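> Listed below, chain by chain, are the residues.
Protein chains: 2
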Amino acid sequence: MEVTRQNFKDTLKTVCSAVEEADFLAIDGEFSGISDGPNVSALTNGLDTPEQRYAKLKKHSMDFLLFQFGLCTFKYDQEKSKYIIKPFNFYVFPKPFNRTSPDLKFICQSSSIDFLASQGFDFNKVFCNGIPYLNQDEEVQLREQSEERRNQQANGVGTPSFISPSSKGPAHVPEEHKDFINRVIGKVEALLTNSEKTLDLEPCTGFQRKLIYQTLNWKFSKGLHVETVETEKKERYIQVIKVDDEERKRREQQKREREQEELNDAVGFSRVIHAISKSGKLVVGHNMLLDVMHTIHQFYCPLPEDLQDFKEVTMCVFPRLLDTKLMASTQPFKEMITNTSLAELEKQVKEAPFKSPQVETAEGFHSYDTAQEQLHEAGYDAYITGLCFISMANYLGSFLTPPKAYISAHSKVVEPFFNKLFLMRIIDIPYLNLTGPDLQPKRDHVLFVTFPKEWKTSDLYQLFSAFGNIQVSWLDDTSAFVSLSQTDQVQIGDLIQAAMLVVFLRQERTRRGDREQDLGGLAEDRVSAAWPPSVVPLP
Amino acid sequence: MEVTRQNFKDTLKTVCSAVEEADFLAIDGEFSGISDGPNVSALTNGLDTPEQRYAKLKKHSMDFLLFQFGLCTFKYDQEKSKYIIKPFNFYVFPKPFNRTSPDLKFICQSSSIDFLASQGFDFNKVFCNGIPYLNQDEEVQLREQSEERRNQQANGVGTPSFISPSSKGPAHVPEEHKDFINRVIGKVEALLTNSEKTLDLEPCTGFQRKLIYQTLNWKFSKGLHVETVETEKKERYIQVIKVDDEERKRREQQKREREQEELNDAVGFSRVIHAISKSGKLVVGHNMLLDVMHTIHQFYCPLPEDLQDFKEVTMCVFPRLLDTKLMASTQPFKEMITNTSLAELEKQVKEAPFKSPQVETAEGFHSYDTAQEQLHEAGYDAYITGLCFISMANYLGSFLTPPKAYISAHSKVVEPFFNKLFLMRIIDIPYLNLTGPDLQPKRDHVLFVTFPKEWKTSDLYQLFSAFGNIQVSWLDDTSAFVSLSQTDQVQIGDLIQAAMLVVFLRQERTRRGDREQDLGGLAEDRVSAAWPPSVVPLP
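Protein sequence lines correspond, in order, to chains A and B. Residue 422 in the UniProt record's numbering sits at position 422 of the first sequence, and the numbers go up by one each step. Residue 183 in the UniProt record's numbering sits at position 183 of the second sequence, and the numbers go up by one each step.
Any given hint could be a false lead.
[Stated by the list, open to error] Computed spacing ranges between beta-carbons, pair by pair:
(1) A:GLU257 to B:MET424: 55 to 63 Å
(2) B:ASN151 to A:SER485: 39 to 47 Å
(3) A:VAL140 to B:PRO332: 54 to 62 Å
None of these hints come from the bench; they were simulated from the model. On a predicted model such as this, the values are computed, not experimentally measured, just so you know. Glycine is no exception: its CB is placed at the ideal position from the N, C-alpha and C atoms.
Construct the complete structure from the given sequences, taking the supplied hints into account.
So this is what it looks like as structure tokens:
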């Protein structure tokens with residue numbers, strides 16, 4: 001089901017009850033970009049610590065916008081022995097709530113936009129019809145502002161902006177507005193004596209409205225209800241209504257209800273995330289770290305500095321997560337699934353020994369055809385992710401005694417995968433552990449190497465050719481981590497010395513002038529300041 | 001005429017000849033945002049110097065994207081006594097040219113996006129079908145890269161990336177790719193002896209293709225043409241063709257032409273700006289400083305640090321500019337036109353003493369109806385801007401002896417408005433002078449005032465109430481410029497002393513504890529560190 005600002009209010013109940021009745025949920029997000037950093041290899045180094053990776057993603061990815069959110073709810077029907085699914089595809093956009101609300105800026109990355117465009121993404125649905133949202137701070141702030149304004153109006157005090165040295169006296173009316181304000185006073189005085197009930201003042205500027213509020217508050221403390229009204233053309237004018245106490249209360253009550261509704265509308269899509277969070281259901285995603293970070297960042301709070309704090313916030317928002325990319329990369333699936341991208345995983349779990357689950361789309365929902373590709377629409381990706389989870393979970397059931405064909409989201413056999421989020425391209429730490437300390441693999445076989453910027457991976461292979469297979473993790477043009485295959489600590493010292501020797505020999509030859517044959521055409525002017533290469537073990 | 005990537009190539013000639021035949025051009029841009037700075041009042045202070053204003057716009061506005069460019073050409077038809085117009089509305093997007101081209105990031109401001117959405121802006125035309133572009137550096141760099149690659153291939157040397165210590169020898173083939181490369185060698189050896197002419201290798205990764213190029217270059221230096229081909233599914237594979245010298249040359253020539261065409265496609269929309277620039281025609285815009293800055297920034301070069309350098313670059317790109325907002329704000333129009341926004345200006349120049357010009361839309365172009373509003377579509381705004389220019393210019397003609405009903409874009413009477421760009425919200429410097437030094441008005445009646453953050457404009461009026469009318473230019477929460485109406489230097493000293501006295505008295509009373517009645521309810525905990533207010537004349 002496509003959900004935009006137009007049908008969001010009508011759909012919210014459907015969403016909430018789908019979440020409530022579900023056995024588990026699958027989610028996916030589409031973003032306006034992935035990374036605004038210098039280059040991917042520096043951003044996702046194979047030897048990042050979880051802290052470093054979190055800090056990089058927070059710094060370089062959170063200024064993009066999560067603008068499409070896919071949610072697919074899965075409910076197992078025992079009788080039919082099949083899952084009933086309800087897929088939703090939400091378009092999200094931070095439309096400013098009012099003139100004083102924060103004017104959010106976000107980055108677009110042209111490659112990401114171009115990619116989504118090539119997949120048929122509808123940008124108008126985001127930018128013209130996206131559902132607004134507020135994070136928790138913004139929501140609290142708006143509610144407090146509204147509360148405060150109400151209290152002050154009840155006490156006959158102006159809005160907070162009037163608390164200033166001159167607020168007690170009459171409003172200071174600049175010379176050029178005096179005629180205007182005097183005309184207003186005249187009209188209101190006439191209203192109080194004539195038989196009319198309502199006075200519509202002419203549209204005017206915000207500053208003039210402020211002067212009117214101040215003046216009327218000071219001159220006529222009782223018997224009037226003053227309110228700003230917007231015309232269809234978005235012009236704002238002030239309406240003054242003659243009221244007795246009872247009507248005044250009734251009108252204030254109406255205004256309060258209207259404000260509450262407007263506030264709820266402004267909270268918008270965040271209410272879906274609140275519902276998911278409140279349900280405590282298992283939430284499945286594929287390679288979902290960025291999805292989780294963006295979701296918390298946009299709909300809950302700015303991400304904390306510290307990884308440990310992030311883990312705690314995440315566990316509050318999503319008490320139970322499962323990452324299908326991690327699952328597919330872990331035993332017993334690791335050996336069976338060579339490519340863990342969502343598209344490939346989906347293909348593989350359709351083949352033996354996996355079994356495609358029986359799935360039925362609930363009535364009134366768009367039915368996806370997995371044969372007809374629609375990848376990279378968030379709702380569809382969420383759906384596929386859920387299918388992959390079911391197939392893998394059910395496969396685990398085949399090892400039970402007696403074997404089970406259906407494994408629920410609450411089953412013990414999937415528990416080992418809970419709350420571990422896949423870490424992309426880290427050699428020796430497969431996942432971020434949300435509910436405990438992260439793995440701390442030994443890295444004393446890793447060397448930090450610097451070299452001239454003309455060097456390629458093959459030069460590093462050559463430099464270390466005496467020491468067996470190596471793995472190179474580039475940091476930038478002139479440095480990389482080199483992991484040796486031997487991990488025996490004692491040998492390492494020798495290796496470093498040997499490597500240094502190689503470097504030294506090369507340097508010597510360079511100085512002696514026979515660089516041509518040894519350095520393979522590396523011209524003298526290309527030997528940068530980074531020469532000679534240095535080799536240092538990681539601390 | 002709507003121009004997107006789809007019809008750009010077919011339209012370019014029409015655009016160029018429209019520019020060539022025109023008497024003058026009108027332009028307008030739509031952006032993904034206006035300012036990413038803290039707040040508008042701080043960004044456009046009424047007492048900015050031109051240097052400060054330029055620096056602020058450069059810092060806070062250039063990361064947005066100019067994504068719609070309107071151009072309307074105006075050609076006067078003497079016989080018909082009317083203008084023939086050709087309006088174009090270009091959608092522009094920095095689609096990455098290839099995998100190695102820069103992946104541009106740009107900011108979107110939600111209020112701007114929301115505003116355009118409310119005007120019916122079609123974001124899909126930008127993001128899915130926008131015309132790509134390159135600035136001059138990028139173009140030169142791409143052409144050089146292509147040249148270099150060609151030279152190296154002609155000399156039998158690999159691409160620049162192969163110049164590294166190990167480049168002369170055979171490629172270093174990592175263990176896991178050795179089988180793959182050996183199979184390729186086998187196939188190529190077979191090709192050289194069998195009757196086939198062409199060998200299509202299987203699709204493979206970029207790294208594998210690099211290994212293949214290196215290996216084939218080293219092993220088979222003659223008789224082969226090797227090229228990367230892309231399938232419809234965007235998979236890349238290598239094609240090896242058996243060739244004699246003549247065919248090899250022919251194929252290389254074809255490849256060169258293909259590359260040239262691809263390069264021209266990548267330069268894309270910048271070619272329109274080049275054509276406008278080369279024509280030297282008068283270019284008219286409304287409040288056009290940001291349009292000019294964005295145009296130069298996106299399609300020519302990053303903006304220079306220094307305002308003087310910016311003026312010089314601008315005069316190279318647009319040798320003759322005219323800003324209708326400045327024109328409308330200057331004598332004799334200043335007295336006649338109360339609101340110089342484009343929408344209001346357009347209404348006013350339809351009324352006496354102005355005359356609406358006779359205008360005809362050229363055949364094959366969309367005809368705009370000014371009665372039916374389409375404001376904020378760049379092509380339409382450019383058209384309206386041109387109409388306003390004509391009406392105002394013709395009005396100036398009525399003062400000539402004998403009066404002239406038609407004033408051309410080359411007429412002496414419009415010359416005073418050339419190359420002066422309107423400066424928004426600067427009190428005493430109406431325009432940026434592109435061809436000379438800027439105005440340097442005296443500002444010794446201006447005071448720099450700091451105060452507690454609860455203060456409002458009205459408090460400042462009160463503070464200076466003894467000294468006649470003042471003008472307040474806010475800097476931030478706790479500071480502002482206050483311009484006094486008297487400009488007599490000798491009096492100023494007294495005024496400052498008097499203002500300081502007021503401040504001192506207030507402070508004294510605060511200390512004595514009778515703040516309640518004097519400070520009008522300013523609670524003690526709200527008196528911030530900025531108290532007491534200080535008053536300093538501008539240097």
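> Could you work out which earlier hints the structure fails to respect and list their numbers in ascending sequence?
1
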